[in-house]
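For this one, chain F is given, so just place chain U on it according to the hints.
For the record, the sequence lines run as chains F and U.
The first sequence finishes on residue 205 if you use the numbering used here, and the numbering steps up by one all the way, no holes.
The second sequence finishes on residue 391 if you use the numbering used here, and the numbering steps up by one all the way, no holes.
Keep in mind the hints are simulated off the structure, nothing from the lab.
Quantities reported herein were computed from a predicted structural model and do not represent experimental measurements.
C-beta: ideal position from N, C-alpha, C; glycine also.
Keep in mind that a hint or two might mislead.
As the list claims (entries may be wrong) - Which residues of chain U face chain F? A few of them, derived with a C-beta cut under 8 Å, are:
no., residue
1, I111
2, E154
3, V158
4, R387
Claimed, not checked - Here are the simulated EDC-like pairs of lysine to aspartate or glutamate, each with C-alpha atoms no more than 20 Å apart in a straight line:
no., chain 1, residue 1, chain 2, residue 2
5, F, K155, U, E154
6, F, K167, U, E165
7, U, K106, F, E118
8, F, K156, U, E165
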Amino acid sequence: MQKNRFGSLIITACFAFLVLAGCMATTKNLNPEKETHYDATYDFSDKKQIVERLVKPLIAASVFPVQETKPILIVYPVVNETSEHISTGGITDDIRMKLIQSGKFRFINENQRENIERETGYQYQGYVDPAQRVEQGRQLGADYILSGTLRSIKKEQPKQWRLMRKERIYYSLDLTITDLKTGEIVYADQAELAREASQPIIGW
Amino acid sequence: MAKHIAFGAIFILILTGCSSLPLQKARDAFYGGDLEKAGRSLEDCTDISKKDRLLCYMEDGVILHYSGAYEKSTEALLDASRFMKQQEQISASEQTSAVLINDRVTTYKGEYGERLWVHTFLMMDYLLDYDYEDALVEARQALEVYDAHPGSLTDDYFSRALIALCFENMQLPDDARIEYEKLSKAMGGGDFAAVAIPPGKGELVLFVGQGRVPHKISTDMAFPPSIRISVPRYTDSQPAPPLTFRCDDRDITPLEVSTDLGDVDRKSLNDRSAAYLTRQALRAGAKESIANEIGEHNQLGEAMARIVFFLLEEADVRSWETLPGHMTLVRIELDAGVHDLKISSGYSNPVHLEALDIPEGRRVYRSIRF
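One chain only, chain F, in its complex shape:
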């Protein structure tokens, strides 16, 4: 009798523990270097992979004419033509960062143009010491435009009797560099990703 009561107490305790453990909120750090995907859609691991795939050949490429100064690039946003709301600014920021770190390119900060204008305008309103004012008309002019398009093709398994729903997604990012003077595309490359994910059709 005593044994039975003890047994049921343990079972109840185990059950309560499992229920509580299931309800507990958890937080943990993830390694951004490690590839992790919950489903077939675009995530941070993809961004990393795409950027690395595109940047390495670009740094090694010898498309720019040999000149004393480094080529000056301006980055235009990557156009998102996928069916997901993807912040493509993250891709261009990463590409720019890696190219700057390579020491082979110079970049114009297109995002800060309005702020630069506001700040220099303020300096010429009479508040700033004339000796310390930024000289106007000395900004760099870009030699090349770096632009791109992110596309996706999504295919779902046709409707039929099945227990799992499969989905395939193909992503491609086309990167181009255009010579501002001639309008010629002097460099083009593409990074591709393809993934299949499945999830059960019936859940609890």
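Chain U only, in chain F's frame:
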């Protein structure tokens, strides 16, 4: 046993009724013209039962859209879109409850047409904010819904025309052409094509909503000894009065593409009728065997159980009720400059768009509701 069943039934009936109270308040306030009160009623959809949460996001999205809060409307509708994706999996527990109680206990996933209109309203919200890239993302998601339910959604011309416009805005003429061809085929003719804005001109694009979308009601049938079948159906659509346009004191006849949302809703419901009729049959069988089982031990219990089961049988009449009955896409090419436009629809008060600035080579968007 019978007492337990009765208490359980009353409890379920109260619960299913309570969860939709804020929704009803919001709808009443919206149609009463108090958009602020309507929006306040649905401030936090996570407070609403999960079963009706999608409706909360949908109603909130439309209320905010017609309040002119396009960014907030986008947030609510993106929540709706995410929620729909999460509910793609069939829940075994919910389906079991539905077989024993009624379809009202399941999480509302939206009719096929409603799933499309989440993306349609998102497209409109993004276009009204001149965010063409995100509008295109929604256009592509809308195409996925069209592809998933082609039979139910072919009559939604408005969404198709809007998708084509999103492609036009992103300089994707081939994709726009394909959508215009599909539109022309669905409408049984019509000359639709992507046209560039001529020099010296601009374009006004109007999203005109008219009337109120039909809502669902139940049709009940009773069979001996105590079987009740309750199926949902949509009320009839009200015809929309023709729209008339007067620009700078002269009548104009712009291009219009219109959808009767009630027609699309009815087709959507018909297309999944096999699923809910199968569940009805299963439920009737399950209830009958439980009642017979109880009757073998207690006749009074059986009578009580039959009454309770009869009362519990209730059609799922949930639907997105703040939608307009008709949606019309109107495209008006105008000389660049400032214009006054008057839009009339039947006996409703006309809408004046005064001092409307149309820049050269640009599209300007407005959403109005009669």
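Taking the hints in turn, this is what the structure says about them:
no.	hint	in the structure
1	I111	holds (5 Å)
2	E154	holds (5 Å)
3	V158	holds (5 Å)
4	R387	violated (24 Å)
5	F/K155 / U/E154	holds (18 Å)
6	F/K167 / U/E165	holds (15 Å)
7	U/K106 / F/E118	violated (44 Å)
8	F/K156 / U/E165	holds (10 Å)
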